[in-house]
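Q: Going down the list, the sequences are from chains A and B. The numbering of the first sequence is numbering that gives the first Met the number 0, which starts it at 0 and goes up by one. The numbering of the second sequence is numbering that gives the first Met the number 0, which starts it at 0 and goes up by one.
By construction, these hints were calculated from the structure, which means they are not laboratory data.
Counterexamples of contact, computed for chain A against chain B with all Cβ distances above 12 Å: (1) R103; (2) M275; (3) T362; (4) N373; (5) S375; (6) R378.
Pairs of lysine-lysine residues, derived as BS3-like cross-links and limited to a Cα-Cα distance of at most 27 Å, are as follows: (7) B:K243 <-> A:K256; (8) B:K273 <-> B:K57; (9) A:K313 <-> A:K300; (10) A:K108 <-> A:K158; (11) A:K2 <-> A:K36; (12) B:K209 <-> A:K256; (13) A:K256 <-> B:K246; (14) A:K284 <-> A:K2; (15) B:K57 <-> B:K275; (16) A:K27 <-> B:K57; (17) A:K407 <-> A:K303; (18) A:K410 <-> A:K396.
Take a look, some chain B residues computed to stay more than 12 Å from chain A by CB distance: (19) L58; (20) E61; (21) K66; (22) E70; (23) P71; (24) D75; (25) A85; (26) K101; (27) G158; (28) R182; (29) N185; (30) H208; (31) D218; (32) F274; (33) D288.
Cβ coordinates follow ideal geometry from the N, Cα and C atoms, glycine included.
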Amino acid sequence: MSKADVDSALREIRIALLEADVALSVVKEFIVLVREKALGQEVTRSVTPGQMVIKIVNDHLVEILGVGASELNLATTPPAVIMLVGLQGSGKTTTTAKLAKHLRSQYRKNAIMTSLDIRRPAAQQQLKSLGETHSIPTLPIVPFETPEMITERALDTGKKEGHDVILLDTAGRLHIDDSMMSEALKIQDLSNPCEILFVADSMTGQDAVNAARAFSERLNITGIILTRIDGDARGGAALSIREVTGTPIKLMGTGEKIDDIEVFHPDRIASRILGMGDVVSLVEKAQETVREEEAEEFARKLQKGQFDLEDMAKQLGQMRKMGGVGGILNKLPSVGKIKNQLQDANIDDNVISRQEAIIFSMTTAERKNPKLFNGSRRRRIAEGSGTTVQEVNRLLKQHKEMAKAMKKMSKLGRKGFTKGMPQGMPPGILPRI
Amino acid sequence: MTQNDWLSRLKNGLSRTSAHLNEGIAQALKNKNLDESTLDDLEDILITSDMGVSAAAKLRDEVAKAKFEKEPSFKDIKYFLAAKIADILKPVEQPLLIDNSKKPFVILVQGVNGSGKTTTIGKLAKIFTEEGKSVLLAAGDTFRAAAIEQLQIWGDRTGCRVISHTSGADPAGLVFDALGTARRDNIDLVIIDTAGRLQNRDDLMAELHKISRVIRKLDQTAPHCCLLILDATVGQNALSQVEKFQKTSQITGLVMNKLDGSARGGILVSLAEKFKLPVHAIGVGEGEDDLMPFNAEDFAKNLLGLNN
Ligand SMILES: Nc1nc2c(ncn2[C@@H]2O[C@H](COP(=O)(O)OP(=O)(O)OP(=O)(O)O)[C@@H](O)[C@H]2O)c(=O)[nH]1
Ligand SMILES: [Mg+2]
Numbered sequence: 000m001s002k003a004d005v006d007s008a009l010r011e012i013r014i015a016l017l018e019a020d021v022a023l024s025v026v027k028e029f030i031v032l033v034r035e036k037a038l039g040q041e042v043t044r045s046v047t048p049g050q051m052v053i054k055i056v057n058d059h060l061v062e063i064l065g066v067g068a069s070e071l072n073l074a075t076t077p078p079a080v081i082m083l084v085g086l087q088g089s090g091k092t093t094t095t096a097k098l099a100k101h102l103r104s105q106y107r108k109n110a111i112m113t114s115l116d117i118r119r120p121a122a123q124q125q126l127k128s129l130g131e132t133h134s135i136p137t138l139p140i141v142p143f144e145t146p147e148m149i150t151e152r153a154l155d156t157g158k159k160e161g162h163d164v165i166l167l168d169t170a171g172r173l174h175i176d177d178s179m180m181s182e183a184l185k186i187q188d189l190s191n192p193c194e195i196l197f198v199a200d201s202m203t204g205q206d207a208v209n210a211a212r213a214f215s216e217r218l219n220i221t222g223i224i225l226t227r228i229d230g231d232a233r234g235g236a237a238l239s240i241r242e243v244t245g246t247p248i249k250l251m252g253t254g255e256k257i258d259d260i261e262v263f264h265p266d267r268i269a270s271r272i273l274g275m276g277d278v279v280s281l282v283e284k285a286q287e288t289v290r291e292e293e294a295e296e297f298a299r300k301l302q303k304g305q306f307d308l309e310d311m312a313k314q315l316g317q318m319r320k321m322g323g324v325g326g327i328l329n330k331l332p333s334v335g336k337i338k339n340q341l342q343d344a345n346i347d348d349n350v351i352s353r354q355e356a357i358i359f360s361m362t363t364a365e366r367k368n369p370k371l372f373n374g375s376r377r378r379r380i381a382e383g384s385g386t387t388v389q390e391v392n393r394l395l396k397q398h399k400e401m402a403k404a405m406k407k408m409s410k411l412g413r414k415g416f417t418k419g420m421p422q423g424m425p426p427g428i429l430p431r432i
Numbered sequence: 000m001t002q003n004d005w006l007s008r009l010k011n012g013l014s015r016t017s018a019h020l021n022e023g024i025a026q027a028l029k030n031k032n033l034d035e036s037t038l039d040d041l042e043d044i045l046i047t048s049d050m051g052v053s054a055a056a057k058l059r060d061e062v063a064k065a066k067f068e069k070e071p072s073f074k075d076i077k078y079f080l081a082a083k084i085a086d087i088l089k090p091v092e093q094p095l096l097i098d099n100s101k102k103p104f105v106i107l108v109q110g111v112n113g114s115g116k117t118t119t120i121g122k123l124a125k126i127f128t129e130e131g132k133s134v135l136l137a138a139g140d141t142f143r144a145a146a147i148e149q150l151q152i153w154g155d156r157t158g159c160r161v162i163s164h165t166s167g168a169d170p171a172g173l174v175f176d177a178l179g180t181a182r183r184d185n186i187d188l189v190i191i192d193t194a195g196r197l198q199n200r201d202d203l204m205a206e207l208h209k210i211s212r213v214i215r216k217l218d219q220t221a222p223h224c225c226l227l228i229l230d231a232t233v234g235q236n237a238l239s240q241v242e243k244f245q246k247t248s249q250i251t252g253l254v255m256n257k258l259d260g261s262a263r264g265g266i267l268v269s270l271a272e273k274f275k276l277p278v279h280a281i282g283v284g285e286g287e288d289d290l291m292p293f294n295a296e297d298f299a300k301n302l303l304g305l306n307n
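My request is simple: use the sequences and hints to build the entire structure.
A: So this is what it looks like as structure tokens:
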């Protein structure tokens with residue numbers, strides 16, 4: 000892809016991201032990174048460079064948004080404290096109740112909810128009545144207590160009554176309100192939470208970076224909950240907040256009801272932010288077609304019982320792209336037996352790249368016809384690839400076994416494949432299983 | 000409250016944000032020739048106010064075309080831009096006027112969740128009771144937990160009566176009741192709270208429509224004022240909010256809250272150009288006195304950090 004192609008596409012992307020409310024500073028950084036990534040990349044057949052850039056942007060977005068996505072951390076001697084913080088009206092109280100229910104259904108944890116909001120009229124009452132409606136325990140309201148006093152009482156009660164989790168719903172506050180930010184800090188120090196979740200409205204505009212930065216500078220924010228995903232906002236704030244806090248988006252609110260909470264889906268939010276889902280799926284389809292054609296080609300060769308070293312290199316390359324052995328194992332639904340075999344074979348990702356290097360050091364003729372390999376050729380290849388003759392020998396042996404297995408498979412047809420699989424099956428075939 | 004009071008409070012509320020704003024502008028204008036990079040930086044300042052890409056680009060072009068008498072100083076350009084923005088906003092700077100011939104005068108308050116509807120109602124109740132009007136608050140948010148209690152507290156604070164049904168009741172029925180009571184008791188002003196709702200929820204928008212219908216049944220000319228409450232921290236989605244609420248219930252005016260934070264509410268410029276709806280007031284805090292009349296010049300100056 001040429002510089003001109005990339006730059007003209009990125010101008011469009013810049014506008015799209017800004018219209019989606021991604022903060023300007025974040026957009027600028029993002030564009031620089033994507034530009035690096037896109038330059039020199041191959042354009043899939045039947046796709047324009049502009050479309051290709053959009054697909055790259057989308058993938059990059061999914062990657063960033065999904066970084067570190069993880070479960071809630073409750074690893075402490077119970078009760079674990081989870082504190083919710085954020086601007087006024089971001090949805091903390093509703094989210095607190097959703098979280099309590101989520102902890103119950105997904106983690107089998109029993110949580111007690113506590114409102115520390117003594118400022119907004121009837122805020123404590125709101126949490127209490129949510130608790131009553133959904134049978135979630137709440138700390139009884141005692142008038143005239145300070146947030147610190149309430150926190151202490153919550154810690155006490157949580158311990159005494161044996162709750163697994165104490166949820167602290169704090170008052171909404173502006174990040175530039177120094178005394179309110181100090182109050183939040185005091186509560187953090189007092190309760191030593193496992194999680195401090197920044198609750199942010201997905202409709203937030205450019206100011207999201209300022210608020211998120213200030214909150215994460217003052218408090219040990221551990222994650223983000225994005226609310227009002229059910230609205231029609233493009234949700235660029237997700238990217239802004241993710242970037243400036245450096246913490247994962249853990250959950251998202253998808254409605255006003257108590258069950259409307261979901262684990263964060265980076266792909267869904269990415270396509271919404273970019274607003275170019277059509278293009279992305281078009282490119283994906285094109286890529287899929289190319290992959291299918293390659294697979295068909297491969298199958299044709301198999302049918303004829305052909306499996307040369309060129310094919311093996313392709314397989315190895317594919318494995319590496321899929322994140323090495325570990326990546327593949329994670330993607331496969333049920334791998335029990337194969338996993339063991341792989342572990343026995345002691346194949347790590349380093350081996351994959353060394354094997355690739357060996358094959359790349361062969362001539363085309365050699366790759367097509369392994370019978371050519373005599374001692375001096377093997378030495379030459381070992382030297383050229385920075386490996387040893389033993390390794391070259393091992394690879395050639397492995398290839399021979401694979402080729403044999405392929406031949407067998409072509410005779411047995413698809414069904415007989417696993418049955419015919421030899422012991423210590425080489426990993427190169429895995430992606431096709 | 001005098002205009003001066005409002006202004007000084009606005010300045011106090013907003014001065015905290017101006018510091019970093021000024022810094023940005025100062026940097027942008029260090030280079031006195033309005034070259035491309037200066038213009039870029041100016042445009043960036045507008046974009047970070049949530050003005051939107053196209054409105055910011057348009058203003059950038061105007062600055063680029065502008066003829067200054069001599070080489071403009073930092074301030075000159077800031078004031079020039081502020082004046083341009085104030086020009087756009089001036090037509091929508093309109094106070095919330097109560098027509099005394101309507102009795103009761105009915106204000107219907109609506110907006111997305113958490114935008115500050117209930118708080119704004121409390122602030123309005125304070126202003127109008129101080130003007131000597133009898134004000135009745137209708138707890139039309141029967142959905143959110145403790146929404147009724149929240150409004151009741153505002154009623155207690157401002158000495159206004161609150162009409163409510165139980166949680167979960169039909170809001171249209173509550174509104175019918177409240178208006179009946181207001182008529183019987185010769186109330187001047189009824190302010191109706193509604194549950195927050197996202198504008199893409201057709202079912203909830205239909206509910207709002209039903210509330211308006213019930214009001215109209217009792218008084219052909221009501222609701223006399225349909226306020227849409229916006230949140231300054233919201234970005235470009237405010238456009239969709241205005242458009243969709245407008246479609247359902249003929250919004251007559253806007254209030255923008257949370258301008259006491261570091262959000263500058265630049266989207267109002269785009270809204271003014273696109274919808275031309277009156278902007279009555281801005282919210283600059285959670286207290287009962289934290290509502291100010293909207294002033295185009297002050298808002299524009301604040302947007303550019305020219306407030307101190
Ligand atoms: N800083 C600041 N906070 C505000 C302002 N207006 C309202 N708030 C706060 O924003 C939060 C939400 O305000 P509410 O008045 O409850 O908003 P609402 O629109 O009635 O909310 P729902 O009824 O839940 O949809 C509260 O914590 C208010 O105190 C404002 O101008 N500035
Ligand atoms: Mg409310």
